[in-house]
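Sequences are here, hints too, so could you generate the full structure?
From first to last, the protein sequence lines are chains P and A.
Per this note's numbering, the first sequence starts with residue 44, numbered consecutively.
Per this note's numbering, the second sequence starts with residue 717, numbered consecutively.
Wrong hints could be hidden among the right ones.
Said to hold, decoys possible - What follows is a set of in silico ranges between Cβ atoms, one per label pair, in the way DEER data are often shown: (1) P:TYR288 / A:MET855: 39 to 47 Å; (2) A:PHE799 / P:LEU76: 20 to 28 Å; (3) P:ARG118 / A:LEU1035: 31 to 39 Å; (4) P:LYS94 / A:GLU785: 56 to 64 Å; (5) P:GLN233 / A:ALA731: 47 to 55 Å; (6) P:GLU286 / A:PRO724: 36 to 44 Å.
Unchecked claim - With the C-beta cut set under 8 Å, the calculated list includes, among others, these residues of chain A facing chain P: (7) LEU903; (8) ASP986; (9) LEU1001.
The set of hints was computed from the structure by calculation and includes no laboratory data.
No residue lacks a Cβ here, since even glycine has one placed at the ideal position from N, Cα and C.
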Amino acid sequence: MAQIPVQTIHRDPQLFYWILLPITIVMVLTGILRHYATVMLATAPKKLDQKTMREQRWLMHGINLRGNYHVLSKRSFNTRRDALTAAFESGAYLKNPENRGQAPPNPLSDPSAMDGMMGMMKNQMAMIIPNTLIMSWINAFFSGYVIMKLPFPLTIKFKSMLQAGVATRDMDPRWMSSISWYFLCIFGLQSVFNFLLGSDNAASQMAQQMNQMGSQGTPQMFGPGVDPDKQFRAEAENLAVIEHYSVLDDVETRLLEGIRA
Amino acid sequence: MAPSLLHPPSHLSPAAALQLSQQAPFVLQSSPATVSSAPLTALFSASETPDLWLKYENLLLSCLRTGDEHAAHQCLDRLVARFGENNERVQALKGLVREADATNNADLEKILRDYDNILAENGTNIPVTKRRIALLRSMGRVPEAITMLVRFLGFSPTDPEAWSELADLYLSQGMYSQAIFALEEVLVMAPNAWNMHARLGEVQYMAASATGASDAESLKYLAEALKRFARSVELCDDYLRGYYGLKLVTTKLINYPPKPAVVKATDVDDFTVPTTPTVEKLNELATEKLSEIVRRYTAKERHWRGYDEAEIAAARELLAKDASQTEK
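Laid out in structure tokens, this is it:
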């Protein structure tokens, strides 16, 4: 096999100062800008009014009782169960008792739900707009430049990643184009932002995307579109089927045996 | 364990609280008075941590307790500068400082009216609601405090702190069954809190010994108190209060005038009193454990020094009384 000659491309050293550095600096600055824009755009969590709080907390209370009923004696548990199921079924703790039995309102028309949507939209915008701008800026000014050579050899598969925008067939994958440097910056500046802005910054888009994935996975408990009346009824049913036992039932025998053992 | 400024100082002994508040000048000097949120300064100065504000708050509480009002005001000013006048927690702390500064009842009445105004604007301001209840209590208006607290729990029933405060208030009025109910609510939210189990046992023991409790009732209370204490020491091995209570209850059951030979409870829903041999064994166990705790505490063994001096003294007294009775 013939030895492949080492490719040499004579580049102007000024490329480094006028392309590599500017792209990097611009990327870092946009990240910082994005962080502060998100902080500024973030709305404070909406305050609950007393009725909403009552609705949510009584439901939580029912769930607590269902989970920890075993600390109570049977008599105290029965009193609580009777009181809670009666109240839950009659809708005593509902925020809007007159809306019982109606279909839940369309989440899109609910103003409180719109807030959440708007927040998400803002975040998306804060991410998309700067990215589009920088991408077009790089495309307009620096497309087609080979700006650096990586100090280690790479296989041919990396060509499409590192030489985006430079359509050559035979060039060594170690050479890198400006647009690829941009992509590398997107993914690689996370630690720089952590250093500059603290670990819970909003500069990195990767973190934001992760967040969105996560929030879609968990069902929202008190979110828009959930009918609290149905939740209460389900909880009342859950409480009604509990077969009671108490941890106190044989505690003295357990204690005596445990000490002896 | 040395007292730390990162934990709420309410349970500390006077000496420890004093020690904390004496650190005040040092803490106030070593941390910056304001933390700027401007981008450039935030890049170059020390970053802000939640711990700092927690420290200020706890320092404020310790300072108020030990009478260092100057430092308390400084802490408060910094918190106000950071979170603004309208932050719920800051409002409560501000009220607290004003309460400490108040010299007569008229001042306190005025503060109470201010709390009312805040609450009229924002009905879900939990820190101020709690502050108002505490102020009512310290002004001796317990029934009003109870009414407020019940109303508060009506819309926020998942608050263990409020339930235990309610239990305490009811107990101070001698309303045992209400106090027991409130303590049970605390346990529903914190099922493994051994101190709450023991506390409930104590209240049940008190209810059983109260004048006016019928024999059947007090036997029922004693049975459950015994089980509560047993549960508390099951959860926490060397819990002095649990063993102390266990010993009290079992002694009482052993000497109970109508011998609990008929262990059958009147109702299946209630706990039955364990058989006499079991009660005696539990009594022995509690005596043994208590004397071990007292002995090891007195000998200043490692890991056995964390007990409260007063509790140890009480345990020693109980043991001495027990010993003198058996000698007779």
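Does the Cβ-Cβ separation between A:PHE799 and P:LEU76 fall within 20 to 28 Å?
-> 26 Å, holds
Outcome for the supplied range 47 to 55 Å, where the beta carbon pair is P:GLN233 and A:ALA731 | 49 Å, holds
Hint says 56 to 64 Å; check whether the CB-CB distance for P:LYS94 and A:GLU785 agrees.
-> 40 Å, violated
Against chain P, is A:ASP986 within 8 Å by beta-carbon distance?
-> This hint holds: A:ASP986 lies near chain P, its Cβ roughly 6 Å from the closest one there, short of 8 Å.
P:GLU286 and A:PRO724, beta-carbon distance inside 36 to 44 Å?
-> 39 Å, holds
Is the interface hint for A:LEU903 satisfied, with its Cβ closer than 8 Å to some Cβ of chain P?
-> 4 Å, holds
Against chain P, run the beta carbon of A:LEU1001 and see if the smallest gap drops under 8 Å.
-> 6 Å, holds
Is the hinted range of 39 to 47 Å satisfied by the C-beta distance from P:TYR288 to A:MET855?
-> 45 Å, holds
At the C-beta level, are P:ARG118 and A:LEU1035 separated by a distance inside 31 to 39 Å?
-> 35 Å, holds
The earlier numbered hint that this structure contradicts is number 4, and it is the only one.
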